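Chemist: Below, each chain spelled out in residue letters.
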Amino acid sequence: MDASYQELLEVKDLSVSFRQGQRETVAVDRVSFEIKKGETVALVGESGSGKSVTALSVLKLLPYPSAHHPSGTIRFKGRELLGLPEDEIRHVRGNDITIIFQEPMTSLNPLHTIEKQIGEILLLHQGLAGEAARKRTIELLTQVGIPEPQTRLASYPHQLSGGQRQRVMIAMALANEPDLLIADEPTTALDVTVQAQILSLLKELQTRLGMAMLFITHDLGIVRRLADTVCVMKEGKIVETGPVERVFTAPEHPYTRALLAAEPKPDPAPINANAPVVVETKDLKVWFPVKRGVLRRVIGHIKAVDGVSVAVRQGETLGIVGESGSGKTTLGLAILRLVSSEGPIVFLGSSIAGLTFKKMRPFRHHMQIVFQDPYGSLSPRMSVSDIIEEGLWVHHPSLTRDQREERVTRALRDVGLDPETRFRYPHEFSGGQRQRIAVARAIVLEPTFVVLDEPTSALDMLIQAQIVELLRALQKRRNLTYMFISHDLRVVAALASRLVVMRHGKVVEEGAAAELFARPQSDYTRALLAAAFNMETAPSGVAAQ
Amino acid sequence: MDDRTVIEVPETTAQTPMGLAVLPERHRFAVSPLNRRRWLNFKANRRGYVAFWAFLVLFVVSLFANFIANDKPFFVRYDGQSFFPVLVTYPETAFGGDFETAADFRDPYLQKLIAEKGGFMLWPPIRYSYNTHNLDLPTPAPSKPTWMLTEAECKAVVERKGLSGCRDLEYNWLGTDDQGRDVVARLIYGFRISVLFGLALTIISSIIGVAAGAVQGYFGGWTDLLFQRFIEIWNSIPSLYLLLIISSVMVPGFFVLLGILLLFSWVSLVGLVRAEFLRGRNFEYVQAARALGVSNRIIMFRHLLPNAMVATMTFLPFILSSSVMTLTALDFLGFGLPPGSPSLGEMLSQGKANIQAPWLGICGFMTVAVMLSLLIFIGEAVRDAFDPRKTFG
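Protein sequences, first through last, are from chains A and B.
In this text, residue positions in the first sequence follow numbering that gives the first Met the number 0: the first is 0, and each later residue adds one.
In this text, residue positions in the second sequence follow numbering that gives the first Met the number 0: the first is 0, and each later residue adds one.
If you're looking for bench data, these hints aren't it; they were derived computationally from the structure.
Please note that the accuracy of each hint is not assured.
[As the list claims (entries may be wrong)] Some chain B residues judged to face chain A by a derived CB distance under 7 angstroms, without partners named:
(1) Tyr284
(2) Leu291
(3) His302
[To be verified] Computed far set for chain B versus chain A, every beta-carbon distance over 10 angstroms:
(4) Ser61
(5) Asn353
(6) Phe385
[Stated by the list, open to error] Label pairs and their computed distance ranges (CB to CB):
(7) A/Val289 <-> B/Ser247: 51 to 57 angstroms
(8) A/His426 <-> B/Ala199: 34 to 40 angstroms
(9) B/Lys42 <-> A/Asp266: 51 to 57 angstroms
Values in this document were obtained by computation on a predicted structure and should not be read as measured data.
Every residue gets a Cβ at the ideal spot worked out from N, C-alpha and C, and that includes glycine.
Full structure from sequences and hints, please.
Modeler: In structure tokens, the structure reads:
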């Protein structure tokens, strides 16, 4: 190409605004940055800071005309992209600039084979078909590290693991050897070990193909490992830009400093070997039957939890870690008797295994759960006050309206929310605030035992640290017992007194958290730790793809 | 536990000096922002919005059909006494007549009796009910709209009644049907009965359908499996033939007909609601409610039903229009409401039988067409209103 341009991508004064009815919402406010050939630029910020919108507007993938650009230019190789008509921008998309999305589950069409999906791009932009396309597809799949690409060609997306799906997405993005790859949180939905693999793959491909990359993430660890230049975004504006080294060692803007300090501090609840046992399971099994044939004979089981014995003592936090599919969430649900299981469960001295839903009800207000997704766990059609007091209706039906209101108010204040907001609806709150509401719903019943099912995974770093602090404060004040389920070892390290590492439904390793972090016994635990703290890939074969 | 309450109670009072009881009411009854957005979306579909109001006006007006088209006056003043014939049936003897039978206020003899005592009558704008036979028809029934008559055609009646011309006759604005009954009156009553029947059928079958779908979707497993098979078998019963058989044994009235149609119409929503419940029962907030120990019934009502209602509401106007269609079709075939009932289907079939009287077919067709179009337009607007991706402007 001609060298009439200096930067590969030059974004100047870009604003994006959304129109809804009479309301105008400015999502991106006069943002400028540039990307040189072969360079990696990271856009960092919390959700809602406008980083994805900025990236999507480069390819004009926003919902026009409700989205529009009040100001700015986007020049790619010296050519203005913003005013380009739809059929011309299509040549740029998938050819010069490609994009990979966060969710590999939904970015691939479930009804087409891998070969067809990659072949489509080759046909569209390069006119390759038949044997030539097939050869190129296998080459691409090899490049992104998919084992046995020939046999994988006929696979459908659901036959691949999350990591493999993301690899296929990358293969599709690379099909036309783009000059710029936009990666929109490509590893957020993946396990730590897989995340590390995908990141090293991206890095390697970038050096080999010499392409530039615009990397969008909220995870500063990734930025540090991958990017050359970082732009920190907050509320639609870029507050700080600079080389990664400089920004990380000498951050200028207070927000950047806050982000860097957001790592939750390890201060787990102490282990007290004499405290009474709150929950204990012995050889707990959750097997889902697999049925086949006309008569629905049971031909096997999916062993989600396969013989797990754990005990949680009063006032401590038991961390359960493992990759997705390791059965950690199912274990939590089984202990709360929300999925049926086999094997004894003893809660506060009484056996609760096999109790009916009705018989379980008296126990429910001692045991509560906080879910991962603050958007899915609150009913969108109930006000905050209704959500929190629902449990009170069940367990304390004799309370008067004022008493209920008082307890709701107190719970909201305990989780750091203004009680005046209790008549609003969940969608009016941010993710972190919603998670606080979910915590309030759990603690309003004054439980003894709370299962925390990845309560921080869906949140931004800054908010994660706040929620961890909140949980810790509540535990101290109310002498709560936690079972903390997470794949994020950094958060687990901050809270857990003891740890159980799970894989394929079985316990791999357990022990005091400090001990386990310092001297992991099994290879699997070591791989998890390496991936979480250093973003290093494990020796092959240890962690599944 | 105890020391905790002691610590936190002063905190409660300290942080909200204004007291707590002030805020709630205003918020608790306000329209939720979600519903507000839906209403705006509904309004943004201009055609549907206009259709909604037009339909509402027509429906409310037709509800008062008895006060618009009736062969009885609203009010009679006779011999110092007040009578309300629309609401109460009076014998002829009350006005000095000879018989104990119900008074026929259209009878010139009775009118004369009332006038002699210095009484007066207040009539509805149209002095025919749906079953009033016009005894002074200038031409054999079906008779043309009065304004289309030529002087020669009405000469006989005009002379008999001692009037000066066609214009002085009591008007049948859209003519009469083959039994000399006023078409306007029959249209108004027919519209009312169609819509009422449609509404009743829609509402009852929705309630049954939603409940059945909810139970299937929520409990799943064997409940779902058995219920689904039952519905499949049930659906394969040819309802029209069953209806023909029943109506050959007995003359179906409004409620019998409603009951028979209900037997088959409730299945239409089941699949939809079942799918919504199947999807919804694994939502985290449903899990959370279960973890709180909330009972199945309340979970279904409070957490899952609102989700399913979106799909249900979207379908309602279309179910309503198909219910109206069903009734009209049955009436057209002669298996619907009992003879003499004001029904649009019957008017259409009269129109078919009397090609020489086009006003019957045209009026019937226009009414059905307008009514169904309005309902479809409303349905489209409702669909827009509940579309979460729809942005207006």
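Chemist: Does each hint hold? Answer for all of them.
Modeler: Hints, one by one, checked against the model:
| no. | hint | in the structure |
| --- | --- | --- |
| 1 | Tyr284 | holds (4 angstroms) |
| 2 | Leu291 | holds (4 angstroms) |
| 3 | His302 | holds (5 angstroms) |
| 4 | Ser61 | holds (35 angstroms) |
| 5 | Asn353 | holds (53 angstroms) |
| 6 | Phe385 | holds (13 angstroms) |
| 7 | A/Val289 <-> B/Ser247: 51 to 57 angstroms | holds (54 angstroms) |
| 8 | A/His426 <-> B/Ala199: 34 to 40 angstroms | holds (36 angstroms) |
| 9 | B/Lys42 <-> A/Asp266: 51 to 57 angstroms | holds (55 angstroms) |
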